[in-house]
Amino acid sequence: MKNRYTLSVFTEDVVGILSRVNGVFTRRKINIESIAASESEIKDIYRYTMVVEVTEEEIKKIALQIEKQIEVIKATYYLDSEIVYQEIALYKIANAALFAGGNVEEIMRRHHARILSVEKEFTVIEKTGHQEETQHLFEELEPYGILEFVRSGRVAISKPMDTLSSLVNKLDTLAEEAK
Amino acid sequence: MEIVANEQKTQQKKQVQKAEIKKQENIMNGAQALIQSLLCEDVDLLFGYPGGAIMPVYDALFDFEDKLTHILTRHEQGAVHAAQGYARATGKVGVCMATSGPGATNLITGIADAQLDSTPLVCITGQVASHLLGTDAFQEIDIIGISLPITKWSFQVTKAEEIPLAIAKAFYIARSGKPGPVLIDITKDAQFGQCDFKYEHFKGMRSYLPKNELNFEKVRKAAQLINEAKKPFVLFGQGVIISEAEKEFKQFIEKAGIPAAWTILGLSALESDHELNVGMLGMHGNYAPNKLTNECDVLIAVGMRFDDRVTGDLSRYAKQAKVIHLEIDPAEIDKNVKTDVALLGDAKESLVALTKLITKNSHIEWLTKFRELEQEEYNVVINKELNPTSPILTMGEVMEQINLKSDHKNIIVTDVGQHQMVACRYAKFQQTRSMITSGGLGTMGFCLPAAIGAKMGKPESQVIGIIGDGGFQMNIQELGVIFQNKTPVKIVVLNNEYLGMVRQWQELFFEKRYASTTMINPDFQTIVKGYGIKTKKVEKREDLAAAIEEMLNYEEAYFLEVMVGKEHNVFPMISTGSSVSDIRLK
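Protein sequences, first through last, are from chains A and B. Here the working numbering is used: the first residue of the first sequence is 1, the next is one more, and so on. Here the working numbering is used: the first residue of the second sequence is 1, the next is one more, and so on.
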């Protein structure tokens, strides 16, 4: 049975490692639903948050194959229930459509969305939430004409209390011992 | 006092000057730093092919010809396969070099082969100058991008000062853990650039810690399973050879009295005539080990990865058995076959720990079962292959003559196809690292260059390449290397004028529709003579033994072509999708 899994991948800050991680999916013909890359709380360690829909058997093997890549420090997968996660979406709507009447204000209020920027001809609305929530707002705004829409990759924080720094300290010690 | 002080001063001055001179001596260009780095890694032989973007390195190499021999192959694919043959025969890291663009892409097949067969390689490619990267410059290709999925690690050097660390890391990563190919791409400006050379061997990094702490609880569990087993069965692969655990492996199986079968990459880790050696696993392996895989109660896999050619249909593979897997790569555990106990770590360490905890045992009845099935295979297959009644020569009898006329200490190198399966099935071995074959990738054209590399790595050994007429023509140009270097390697072409293995499948599964498998070959004798190599062609049985004897005793290179049955098939066989126990004898 397929599930939605969120993968947290921690890597060294080197060129090409994203391609190596990506290759693990490509060669198995698995589509990555979303990806977000950023620095982590530790200097020079980067993290990717990737969302994929696969079976548990597949995600286990994928995580091991990713971890096998030389400059990957750790790859862990989670079910939605094991993480706190968020996405951000931006909606560009023509001012003319907003002022033509209707209840955009009421929709935004209900969705806890906010106006990010008002330009001469258009307004940018921002909504953070889970994909279903940003999608829901999209559907309600659609009749007013959405000029542009973008949703970020998921970012996620795991619920278990193991910290990256304790893992990195342990690995650093092991690497030191190897020398 | 003053005089003394002055003397001290001048001495200090001299020392400073000396240090400065020494420092100046360490200032060199990137190409020279590369050569120095290779020397620091004890490289004395490398294979390659020059070209525009690697010229500074070749120029630097010119000054070190006494310390670092470069073998000019006739194609970059020849260079990478030769480096593989060298690595597999010696256990050292093989090194090859090529220029940018087509030079680099020609290495790809060998790199992929090394990745699948865990062969330690450092491949060095030249690259266009860094300011030209991404401009589609002449002979510019993104070789890092192309090789990403088939390298254990890769790195592009754009500054001379990056070279020593890149090379140190490359050798460390290539040879440690599960070995594999590493590619270092060096831009031309980095080869010309100046750097202060300082070399330190690389010893580890936090994102790659190949050494695992052995889990003793699991060792105890595995030992208990083995001690309670009535019909234990060991499968071994190249992991035994890579971790140099041949002795420990033998002690393990001897103490527990367990029959042991090999993958073709594990072949020669245990001598052929060992009483517990029950033969070859897989598609064209021996009858008994395949059949009894589905009868054993405990299956102990040592340094092998349950390749599909070994397991057949996984849903009907050893389902009755408890599985113990000794493996260094965490990603291999449970990848194909679910294990009951996984011992993650170096095979040698795991075997030593396990041997301590197992009780001395023998399983004579169980072993007899293997020998009975072996007899069945002998009657139906082996006898006919080795003692044919028809005048047509078989591939098996050629291997058998090599066995009869030698001390079983040859290094056998093969290509891919029917002859490969026959060579693996019938060649006899006394020493480890004596079978060099392309297993995982199944690369035709592998043998000739790999045999040359093996011979150069092990000049004292008798190196015999066994090739089909198809594979011979895939890298036939490497005869030029034998000619130029007078490499005394022995080449046996088993000529059936077909792409034999594909033809066999066409016969069995495609209604004998022999699409593009017929080979109308040129006269190999004439070609090989052109390269100044002694040749012989055998078409009759009565000439075979003498020809093989002559070949083995000949001090220089020797080319023996044997005309074998055109439509002979390799049996036993597990057809695709079948279970190992459905192995057919004919």
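I should point out that these hints are in silico values taken from the structure, not numbers from a laboratory. Quantities reported herein were computed from a predicted structural model and do not represent experimental measurements. C-beta: ideal position from N, C-alpha, C; glycine also. Errors might be hidden in some of the hints.
Said to hold, decoys possible - Residues from chain A that face chain B, not an exhaustive set, calculated with beta carbons under 8 Å: (1) Asp13; (2) Ile35; (3) Glu58; (4) Lys61; (5) Leu64; (6) Gln65; (7) Ile70; (8) Glu71; (9) Val72; (10) Ala178; (11) Lys179.
Stated by the list, open to error - Beyond 12 Å from chain B on every Cβ pair, some chain A residues (computed): (12) Met1; (13) Val14; (14) Ala63; (15) Ile115; (16) Val124; (17) Glu126; (18) Gln131; (19) Pro143; (20) Val155; (21) Leu174.
Verification of the supplied hints:
no., hint, in the structure
1, Asp13, "violated (11 Å)"
2, Ile35, "violated (17 Å)"
3, Glu58, "violated (11 Å)"
4, Lys61, "holds (6 Å)"
5, Leu64, "holds (4 Å)"
6, Gln65, "holds (5 Å)"
7, Ile70, "holds (4 Å)"
8, Glu71, "holds (5 Å)"
9, Val72, "holds (6 Å)"
10, Ala178, "holds (3 Å)"
11, Lys179, "holds (4 Å)"
12, Met1, "holds (18 Å)"
13, Val14, "violated (8 Å)"
14, Ala63, "violated (9 Å)"
15, Ile115, "holds (40 Å)"
16, Val124, "holds (34 Å)"
17, Glu126, "holds (35 Å)"
18, Gln131, "holds (30 Å)"
19, Pro143, "holds (45 Å)"
20, Val155, "holds (22 Å)"
21, Leu174, "violated (5 Å)"
The structure fails to meet hints 1, 2, 3, 13, 14 and 21 from the earlier list, while all remaining hints are met.
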